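Engineer: Residues per chain, in single letters:
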Amino acid sequence: MLDFKNVWKSYKNGVMAVNGIDLHINKGEFVYIVGPSGAGKSTFIKLMYREIVPTKGEILIDGVNLAKIKQRQVPKLRRKIGVVFQDYKLLPKLTVYENVAFALEVIEEHPKVIKKRVMEVLDLVKLKHKARSLPTELSGGEQQRVSIARSICNNPSVVIADEPTGNLDPDSAWSIMEIFDRINDNGTTVVMATHNRDIVNNMKRRVIAIEGGMIVRDEQRGDYGYEA
Amino acid sequence: MFVMSREVITDMKLRTLGRHARESLKNLGRNGWMTFASISAVAVALVLVGLFLSVMMNLNKIAGEIESNVEVRVYIDRTATQAQQDQLKQSLKSIGHVQSIAYQSREKGLKNLINSLGEGNDQSAFSSVKNENPLPDAFILKTEKPEQTITVANQVKTLPYVYKVNYGKGTVEKLFKTVRISRNVGIVLIIGLLFTSIFLIANTIKLTIVARRREIEIMKLVGATNAFVRWPYFLEGLLIGVIGSIIPIILVNVGYKAVYEKFSDAGTYSTFFIKLIPYPTMALYLSLLLVVIGAGIGVWGSVTSIRKFLRV
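So the protein sequences, as listed, match chains A and B.
For the first sequence, numbering that gives the first Met the number 0 gives the first residue as 0, with consecutive numbering after it.
For the second sequence, numbering that gives the first Met the number 0 gives the first residue as 0, with consecutive numbering after it.
Calculated from the structure, these hints are not laboratory results.
Keep in mind that this is a model prediction, so the values were computed, not measured.
Ideal Cβ positions, reconstructed from N, Cα and C, are used throughout, including at glycine.
Do not take every clue at face value.
[Claimed, not checked] In silico PhoX-like links for lysine-lysine, alpha-carbon gap of 25 Å or less:
(1) K79(A) to K12(B)
(2) K25(B) to K88(A)
(3) K79(A) to K45(A)
(4) K144(B) to K69(A)
(5) K88(A) to K307(B)
(6) K69(A) to K92(A)
(7) K173(B) to K274(B)
(8) K114(A) to K25(B)
(9) K12(B) to K25(B)
(10) K110(B) to K69(A)
(11) K144(B) to K11(A)
(12) K45(A) to K176(B)
(13) K163(B) to K60(B)
(14) K88(B) to K110(B)
(15) K88(A) to K125(A)
(16) K144(B) to K60(B)
(17) K25(B) to K92(A)
[As the list claims (entries may be wrong)] Some, not all, of what chain A presents toward chain B, calculated at C-beta under 7 Å:
(18) I51
(19) P74
(20) R77
(21) A102
(22) V105
(23) I106
(24) E108
(25) K111
Starting from the given sequences, assemble the full structure and let the hints guide the process.
Structural biologist: The structure is reproduced here in structure tokens:
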């Protein structure tokens with residue numbers, strides 16, 4: 000469902016962030032992207048949700064070439080992709096419920112659908128009881144769970160996460176991983192860039208290592224690989 | 000499964016419009032002082048636009064009326080005999096661009112003059128003039144076009160038996176000059192003020208956009224259309240412009256009504272012969288114009304700031 004075909008990306012300042020990546024990810028897969036800082040992981044992630052456009056090559060999601068689509072087609076694409084960030088990106092003045100509902104309101108979903116769906120995803124991330132709380136009243140792990148709930152409320156076919164456990168203590172990180180696992184069990188593809196060795200080594204999923212903008216390792220049921 | 004349709008982009012539901020309206024009102028409230036400043040700027044600019052328009056439109060109307068009434072008065076030498084007068088009439092007829100020639104005897108001329116100056120039946124002040132009529136007989140010429148009066152008058156001057164030629168030279172020229180100058184000054188002033196308003200509106204909207212950067216980021220991330228992101232800011236500008244036009248509309252309407260009633264109040268000013276554009280017509284024109292201009296600068300202001308600060 001997700002294909003990179005000889006993808007290159009260089010920035011205006013001359014930095015070559017991605018240098019010829021070829022990759023195929025199947026529907027329903029769980030993939031870790033690992034690698035040292037500055038290896039090109041973030042660029043790789045940004046290419047997937049078309050925050051940036053490749054300099055060369057093709058990126059296909061469900062057969063749609065991200066390098067070719069027009070600006071006005073991007074919204075439609077984004078509705079098929081859930082994105083989770085290290086810093087949660089929640090709206091501080093909105094409650095947990097409103098934060099999740101916001102994502103559905105702005106794509107003009109019907110109010111009845113919104114109500115039902117928000118409660119469903121809050122149940123999935125085990126935060127139904129905090130629906131009326133503000134983000135500031137939650138722990139980091141809980142905030143990240145809200146952000147995950149928001150990313151999946153539109154039933155995306157793939158969830159992309161950029162260091163989702165980067166700011167979290169080990170326990171919270173594990174509860175986040177459980178949620179991603181459950182999302183993946185429901186058939187959603189998950190692609191996650193991470194620095195968390197424990198998680199990668201324990202989950203035994205596909206691991207893609209990126210260094211210098213290139214794939215240096217791609218293993219099914221792989222390890223984190225780098226020394227501490 | 001991944002069909003890119005345009006429906007998402009163009010289809011705007013009523014519910015969505017309501018949301019955008021709420022959002023833009025919220026934005027206006029959030030930056031209360033900037034909103035107030037922008038609305039005031041629009042109001043000041045539009046009051047001046049209204050004032051300017053009502054003065055200009057009336058000046059134009061009056062100028063037009065005077066223009067169409069311009070005539071060349073040819074006073075005939077008192078010593079001229081009837082035959083000589085007829086000869087003069089023939090010569091006048093042969094001048095190009097003369098549309099009509101009317102004869103006015105000195106008695107008739109005096110009567111007209113007294114009527115135009117005096118009021119009612121109280122004409123005793125003129126009794127001495129009646130006995131000693133100072134006016135000569137005259138021909139009154141009308142030219143085909145108002146601007147031909149000067150050339151025709153100059154030609155007439157050279158003819159024999161002509162005592163004096165009068166064509167209201169000063170008045171018309173002065174009036175046109177005044178109209179031209181006041182129009183130019185007004186236009187410069189108004190353009191300056193309109194641009195100030197546009198700048199202030201753009202700044203107000205920029206503030207909301209900056210304050211809501213994260214919201215916009217998330218909206219784009221979850222697949223809100225660009226139009227959806229833009230609409231509240233667009234409405235914000237429109238509202239500032241339209242709200243800003245309300246006070247000017249009221250002021251200009253009330254003000255014009257007062258002035259119009261004063262001028263049309265027979266007796267006090269009737270000697271001025273000034274007929275202003277009727278109040279109802281003017282009120283409608285001015286109100287419509289002010290709303291449209293207000294909305295226009297509001298939209299302009301919002302569009303410039305959206306383009307600059309909201310690369311969606």
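Engineer: Indicate, hint by hint, whether the structure satisfies it.
Structural biologist: The hints, checked one at a time:
A threshold of 25 Å between alpha carbons decides the hint, and for K79(A) with K12(B) the separation of about 22 Å falls inside it, so the pair holds. Between K25(B) and K88(A) the CA atoms are separated by roughly 22 Å; this keeps the pair inside 25 Å, and the hint holds. Restraint check: the Cα-Cα separation between K79(A) and K45(A) comes to about 15 Å, which is no more than 25 Å; the hinted pair holds. A hinted pair counts as satisfied when its Cα atoms are at most 25 Å apart, and K144(B) with K69(A) does not qualify at roughly 61 Å.
The suggested pairing of K88(A) with K307(B) holds, with an alpha-carbon distance near 24 Å, which does not exceed 25 Å. With a CA separation close to 33 Å, the supplied pair K69(A) and K92(A) exceeds the 25 Å bound. A threshold of 25 Å between alpha carbons decides the hint, and for K173(B) with K274(B) the separation of about 19 Å falls inside it, so the pair holds. For the given pair, K114(A) sits about 23 Å from K25(B) by alpha-carbon distance, which is consistent with the 25 Å threshold.
Between K12(B) and K25(B), the direct Cα distance comes to roughly 20 Å. Compliance with the 25 Å bound is thereby established for this hinted pair. The hinted pair formed by K110(B) and K69(A) fails the criterion: a straight-line CA distance of about 83 Å is larger than 25 Å. Pair hint K144(B) plus K11(A) does not hold up; C-alpha atoms about 68 Å apart against a cutoff of 25 Å. Of the supplied pair hints, the one linking K45(A) and K176(B) is violated, its CA atoms being roughly 66 Å apart against a limit of 25 Å.
Note on K163(B) and K60(B): the hinted pairing is violated, with a Cα-Cα distance of about 30 Å set against a maximum of 25 Å. The hinted pair formed by K88(B) and K110(B) meets the criterion: a straight-line CA distance of about 23 Å does not exceed 25 Å. For the suggested pair K88(A) and K125(A), the alpha carbons sit about 19 Å apart, so the restraint of at most 25 Å is met. Straight-line distance between C-alpha atoms of K144(B) and K60(B) comes to about 17 Å, which keeps the hinted pair within the 25 Å bound.
Distance restraint check for K25(B) and K92(A): the Cα-Cα separation of roughly 14 Å lies within the 25 Å cut-off, and the hinted pair is therefore satisfied. Evaluation of the I51(A) hint against chain B yields a violated restraint, the C-beta minimum of about 13 Å exceeding 7 Å. Hint on P74(A) holds. Least Cβ distance to chain B is approximately 4 Å, under the 7 Å limit. The interface hint given for R77(A) is met, as the beta carbon of that residue sits about 4 Å from the closest beta carbon of chain B, less than 7 Å.
The interface hint given for A102(A) holds, since its Cβ lies 4 Å from the closest Cβ of chain B, which is under the 7 Å cut-off. Look at V105(A): its Cβ gets to within about 4 Å of chain B, closer than 7 Å, so that hint holds up. Given hint, I106(A) at the interface with chain B, holds; its Cβ is 5 Å from that chain's nearest Cβ, closer than 7 Å. Contact between E108(A) and chain B, as hinted, is not supported at the beta carbon level, the nearest pair being about 10 Å apart and thus beyond 7 Å.
Among the interface hints, the one on K111(A) is violated; its C-beta lies about 12 Å from the nearest C-beta in chain B, farther than the 7 Å criterion.
In terms of the numbered hints stated before, the structure departs from hints 4, 6, 10, 11, 12, 13, 18, 24, 25, listed from lowest to highest.
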